[in-house]
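Undergrad: Listed below, chain by chain, are the residues.
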Amino acid sequence: MEYLKAFIIGGLICAIGQILIDYTKLTAARILVMFVITGLILGGLGWYKPFIDWAGAGAVVPITGFGSALAKGVKQAIEQKGPLGILTGGITGTAAGISAAMFFGMIAAVLSKPGEK
Amino acid sequence: MNETAKSYDRMVKKASPGTKSGKTIPSAFCIGGLICLLGQALINIYEHYGAASEQAHIYTLLTLIFISSLLTGFGVYNNIAKYAGAGTLVPITGFANAIAAPAIEFKTEGFIIGIGTKMFAVAGPVIVYGISASILYGIVIYVFGLH
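Chain order of the listed sequences is W and B. If you're matching positions, the first sequence starts at 1 in the working numbering and goes up one per residue. If you're matching positions, the second sequence starts at 118 in the working numbering and goes up one per residue.
Heads up, some of the hints might be wrong.
Stated by the list, open to error - Short, incomplete list of chain W residues facing chain B, as computed with Cβ under 8 Å: (1) Ile8; (2) Gly11; (3) Val74; (4) Glu79; (5) Gln80; (6) Ile86; (7) Met106.
What the hints assert, rightly or not - What follows is a set of in silico ranges between Cβ atoms, one per label pair, in the way DEER data are often shown: (8) W:Ala29 - B:Asp126: 21 to 29 Å; (9) B:Ala168 - W:Phe103: 20 to 28 Å; (10) B:Gly192 - W:Phe103: 34 to 42 Å; (11) W:Pro83 - B:Tyr125: 53 to 61 Å; (12) B:Phe228 - W:Met1: 46 to 54 Å; (13) W:Thr24 - B:Val193: 26 to 34 Å; (14) W:Pro50 - B:Pro143: 22 to 30 Å; (15) W:Asp53 - B:Gly241: 13 to 21 Å; (16) B:Ile256 - W:Ile8: 47 to 55 Å; (17) W:Thr24 - B:Gly167: 31 to 39 Å.
Worth flagging that the hints you see were computed from the coordinates, not collected in a lab. Treat the numbers as computed from the prediction; the structure is a model and nothing was measured. Note that CB positions come from ideal geometry on N, CA and C, so glycine has one too.
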């Protein structure tokens with residue numbers, strides 16, 4: 001059941017992205033920014049956490065989850081460090097993902113033949 | 118004038134190849150859904166081996182990022198992306214691909230200007246506006262005492 005939910009919810013979020021690609025002139029970067037901001041707003045309103053509890057990977061894996069992690073990071077950091085958390089929370093909350101994507105991306109580039117994608 | 122603009126629009130619509138949304142949306146749904154299904158399997162595996170729910174989520178995202186970078190390195194991810202569209206863009210694997218693909222493509226321009234700079238061609242705006250929005254959010258919840 002949780003697999004079905006992850007498949008359908010994750011699929012639907014991707015379908016929304018595809019609708020934006022097909023019917024608007026938005027670039028990939030713009031669509032990703034929109035999804036991240038949407039996730040951040042939903043996370044900030046406290047709606048994304050229950051969504052993750054319900055949909056599992058269907059809510060965690062789409063890039064909207066990245067946005068909600070930004071909001072969560074900021075909230076936690078402010079609780080722990082006060083106003084400094086306003087600045088540190090976003091990167092802290094998403095540090096693992098950003099660092100991993102940068103590091104693996106760099107390794108992939110170093111090891112592949114240039115020109116390949 | 119308005120009327121001609123409208124009829125011109127109709128002509129353009131007729132002449133341009135029909136939107137393949139009947140194909141693209143289902144394939145984005147299926148492939149995006151499958152990536153999330155894989156994510157769910159990973160979450161369950163990590164939780165089975167004792168990771169707390171939140172940790173399991175992070176390990177899952179890291180695993181997906183690793184797989185995506187690897188497949189991008191082998192040139193496989195972009196081949197899937199041709200059919201999947203948003204199905205491979207919207208999941209976190211798309212973010213990893215957006216970093217790895219230009220890094221690989223622009224390796225010829227060198228390690229600093231090529232790999233180091235170009236890897237943020239797409240991911241850069243996502244990080245810049247994501248972090249900036251999170252700071253605005255932080256100011257709001259701090260000022261209004263909502264944290």
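Undergrad: Next, verify each hint and record whether it holds.
TA: Evaluated hints:
1. Given the 8 Å rule on beta carbons, the hint for Ile8 of chain W holds: about 6 Å separates it from the nearest Cβ of chain B.
2. Proximity of Gly11 of chain W to chain B holds as hinted, the smallest CB-CB distance being about 3 Å (cut-off 8 Å).
3. Interface hint at Val74 of chain W: satisfied, since its Cβ lies 4 Å from the closest Cβ of chain B, which is below the 8 Å cut-off.
4. This hint holds: Glu79 of chain W has a C-beta 6 Å from the nearest C-beta of chain B, less than the 8 Å allowed.
5. Taken as an interface hint, Gln80 of chain W does not check out: its beta carbon lies about 10 Å from the nearest beta carbon of chain B, beyond 8 Å.
6. Residue-level restraint check for Ile86 of chain W holds (minimum Cβ-Cβ distance to chain B is 3 Å; threshold 8 Å).
7. Because the closest C-beta pair between Met106 of chain W and chain B is about 6 Å apart, less than 8 Å, the hint holds.
8. At roughly 28 Å, the beta-carbon separation of Ala29 of chain W and Asp126 of chain B lies within the given 21 to 29 Å, and the hint holds.
9. A beta carbon spacing of about 21 Å between Ala168 of chain B and Phe103 of chain W agrees with the range 20 to 28 Å that was offered as a hint.
10. For Gly192 of chain B and Phe103 of chain W, the hinted distance range of 34 to 42 Å is not satisfied, since their beta carbons lie about 20 Å from each other.
11. For Pro83 of chain W and Tyr125 of chain B, the Cβ-Cβ distance of about 56 Å falls inside the hinted range of 53 to 61 Å, so the restraint holds.
12. Hint check: Phe228 of chain B to Met1 of chain W, Cβ distance near 48 Å, so the stated range 46 to 54 Å holds.
13. A hinted range of 26 to 34 Å holds for the C-beta pair Thr24 of chain W and Val193 of chain B, which are about 28 Å apart.
14. Between Pro50 of chain W and Pro143 of chain B the Cβ separation comes to about 28 Å, which falls inside the hinted range of 22 to 30 Å.
15. Range check, Asp53 of chain W to Gly241 of chain B: about 32 Å between beta-carbon atoms, so the 13 to 21 Å window is missed.
16. In this structure the supplied range 47 to 55 Å is violated for Ile256 of chain B paired with Ile8 of chain W, their Cβ-Cβ distance being about 37 Å.
17. Hint check: Thr24 of chain W to Gly167 of chain B, Cβ distance near 44 Å, so the stated range 31 to 39 Å is violated.
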